[in-house]
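17 is the number that my numbering gives to position 12 of the sequence shown; each next residue is one higher, with no gaps.
Among the clues, some could well be false.
Simulated pairs of lysine-lysine, DSS-like, Cα-Cα distance not exceeding 25 Å [claimed, not checked]:
{"#": "1", "residue 1": "27", "residue 2": "42"}
{"#": "2", "residue 1": "123", "residue 2": "107"}
{"#": "3", "residue 1": "14", "residue 2": "107"}
{"#": "4", "residue 1": "14", "residue 2": "28"}
{"#": "5", "residue 1": "14", "residue 2": "115"}
{"#": "6", "residue 1": "47", "residue 2": "132"}
{"#": "7", "residue 1": "28", "residue 2": "42"}
{"#": "8", "residue 1": "28", "residue 2": "47"}
{"#": "9", "residue 1": "42", "residue 2": "14"}
{"#": "10", "residue 1": "123", "residue 2": "14"}
{"#": "11", "residue 1": "47", "residue 2": "115"}
{"#": "12", "residue 1": "107", "residue 2": "132"}
{"#": "13", "residue 1": "132", "residue 2": "115"}
{"#": "14", "residue 1": "14", "residue 2": "47"}
{"#": "15", "residue 1": "132", "residue 2": "14"}
{"#": "16", "residue 1": "42", "residue 2": "123"}
{"#": "17", "residue 1": "27", "residue 2": "14"}
No wet-lab data here; the hints were simulated from the structure.
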Amino acid sequence: MPNEHLPTKPCEVCGREITWRKKWERSWDEVRYCSEKCRRAKRSSIDEQLEVAIMGLLSRGSASICPSEAARVVAPSGDEAAWRALMEPARAAGRRLVNQGKVEFTQGGKVVDPSRAKGPVRIRRVK
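All chains, please: the whole structure from these sequences, using the hints.
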């Protein structure tokens, strides 16, 4: 791949990988967000709650969890629409935790890159 040698860093909001671009040559150190959407959104208290929920669920002895479990913990109880709306923020919280080296994403029992994972994933502590 032609972009393998380019530097990368994680987005502060969604945790996705940002790859260096020529237009950022002079300002690469200031680049913090992968998109305008992330720049406007910033991190919220819900994002922090989701990270705490993920680590809390994993500390209770679960080998791995689905991001929906963290979304259900943070959402108001019984409100299906609320936890479904928190699914992408829960995955983003998981990606940020991957970037911190605390957890990893898996599919079919194999570790996957959270920036490129499509479909259902599980989150587990780093072994």
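Here is what the structure says about each hint:
Distance check on the hinted pair: residue 27 and residue 42 sit about 21 Å apart at the alpha-carbon level, within 25 Å; holds. As the CA atoms of residue 123 and residue 107 are separated by approximately 21 Å, the hinted pair is consistent with the 25 Å bound. Under the criterion of a C-alpha separation no larger than 25 Å, the hint pairing residue 14 with residue 107 is consistent with the structure, at around 17 Å. Between residue 14 and residue 28 the CA atoms are separated by roughly 16 Å; this keeps the pair inside 25 Å, and the hint holds.
Under the criterion of a C-alpha separation no larger than 25 Å, the hint pairing residue 14 with residue 115 is consistent with the structure, at around 23 Å. A C-alpha spacing of about 30 Å is found between residue 47 and residue 132, which places the hinted pair above 25 Å, so the restraint is violated. At most 25 Å may separate the alpha-carbon atoms for a hinted pair to count; residue 28 and residue 42 meet this at roughly 19 Å. For the suggested pair residue 28 and residue 47, the alpha carbons sit about 23 Å apart, so the restraint of at most 25 Å is met.
Between residue 42 and residue 14 the CA atoms are separated by roughly 17 Å; this keeps the pair inside 25 Å, and the hint holds. Restraint check for residue 123 and residue 14: satisfied, since their Cα atoms lie roughly 20 Å apart, inside the 25 Å limit. Taking the CA atoms of residue 47 and residue 115, the gap is near 31 Å; set against the 25 Å cutoff, the hint is violated. The hinted pair formed by residue 107 and residue 132 meets the criterion: a straight-line CA distance of about 9 Å does not exceed 25 Å.
A distance of roughly 12 Å separates the Cα atoms of residue 132 and residue 115; the hinted pair therefore holds under the 25 Å criterion. Between residue 14 and residue 47, the direct Cα distance comes to roughly 17 Å. Compliance with the 25 Å bound is thereby established for this hinted pair. For the given pair, residue 132 sits about 23 Å from residue 14 by alpha-carbon distance, which is consistent with the 25 Å threshold. Taking the CA atoms of residue 42 and residue 123, the gap is about 20 Å. The hint holds against a cut of 25 Å.
As the CA atoms of residue 27 and residue 14 are separated by approximately 15 Å, the hinted pair is consistent with the 25 Å bound.
Checked against the numbered hints above, the structure breaks hints 6 and 11 and satisfies the rest.
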